[in-house]
Amino acid sequence: MAEKIAASQNSKLENLNELRKREINTDVEIICKNGTVIAHRIVLMSSCLYFDCMFSTEMIEKHSGRVKLTKCTKETIETVVEFLYTDRLPLLTERDIRSLINLVQTCHMMQIEVLLDHCWDSLVAKGLSVNFFQLWKFAIKYDLKNNRRITGFVLDHFWEIAEHKNMIDFTENEVIKLMECLGS
Numbered sequence: 001m002a003e004k005i006a007a008s009q010n011s012k013l014e015n016l017n018e019l020r021k022r023e024i025n026t027d028v029e030i031i032c033k034n035g036t037v038i039a040h041r042i043v044l045m046s047s048c049l050y051f052d053c054m055f056s057t058e059m060i061e062k063h064s065g066r067v068k069l070t071k072c073t074k075e076t077i078e079t080v081v082e083f084l085y086t087d088r089l090p091l092l093t094e095r096d097i098r099s100l101i102n103l104v105q106t107c108h109m110m111q112i113e114v115l116l117d118h119c120w121d122s123l124v125a126k127g128l129s130v131n132f133f134q135l136w137k138f139a140i141k142y143d144l145k146n147n148r149r150i151t152g153f154v155l156d157h158f159w160e161i162a163e164h165k166n167m168i169d170f171t172e173n174e175v176i177k178l179m180e181c182l183g184s
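If you count the sequence shown from 1, position 27 lands on 27 in my numbering, and the numbers rise without skipping.
Hints are computed from structural coordinates only; laboratory data are not their basis. Do not take every clue at face value.
Claimed, not checked - DSS-like, lysine-lysine: derived pairs with alpha carbons at most 25 Å apart:
1) K74 with K21
2) K62 with K21
3) K21 with K68
4) K141 with K68
5) K62 with K33
6) K74 with K126
Said to hold, decoys possible - Okay, the calculated beta carbon distance ranges per label pair:
7) K71 with L49: 17 to 23 Å
8) C53 with L19: 33 to 39 Å
9) K165 with I31: 38 to 44 Å
10) H157 with R22: 48 to 54 Å
11) M109 with R22: 26 to 32 Å
Glycine included, C-beta positions come from ideal geometry on N, C-alpha and C.
Modelling step: build the complete structure from the supplied sequences, incorporating the hints.
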């Protein structure tokens, strides 16, 4: 019985998402850096506290139905909205590092923890070998340092990190967090 209910709920979510893609009864426009994503206010509110607060308080978006997220790309917002509608984690293997950073920042802002963790894991997997120092600064800024991949990388490559010329650019806080990572 529980499986039938879950299947029915997934089917309803898929149907709502299909209606959104066909622009049927949508009532929200999310204006992005390079385009617009449309959605149903009720789905956004029921799936995300960020949108619930926006549309249930006297913010301008409640009345206009327009949300300006002009620092976010359309691709990022489409990924977030798709997740809010379907509850399915997206396949991120084809995303570049800049796109993943934008997704992590957006999920952090909207407090979408499950998607944030998924995007952060993908970013760490892709970015560790490219630039640990930039990734570590990002991890500290968004409090994402507790990640087994990044911790493992720090443990496996500590001496390379410690002797690297970019180590001098770390703030005191970033060095302290790095040392805490070693102790975990």
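Do the hints match the structure? See the list:
1. K74 with K21: The given pair, whose Cα atoms are some 14 Å apart, holds under the 25 Å limit.
2. K62 with K21: Roughly 22 Å separates the two Cα atoms, so the pair holds.
3. K21 with K68: holds, 20 Å
4. K141 with K68: holds, 23 Å
5. K62 with K33: holds, 21 Å
6. K74 with K126: holds, 22 Å
7. K71 with L49: 17 to 23 Å: Roughly 20 Å apart at Cβ, these two residues keep to the hinted range, so it holds.
8. C53 with L19: 33 to 39 Å: The hinted range 33 to 39 Å is violated for C53 and L19, with Cβ atoms some 24 Å apart.
9. K165 with I31: 38 to 44 Å: holds, 42 Å
10. H157 with R22: 48 to 54 Å: holds, 49 Å
11. M109 with R22: 26 to 32 Å: holds, 28 Å
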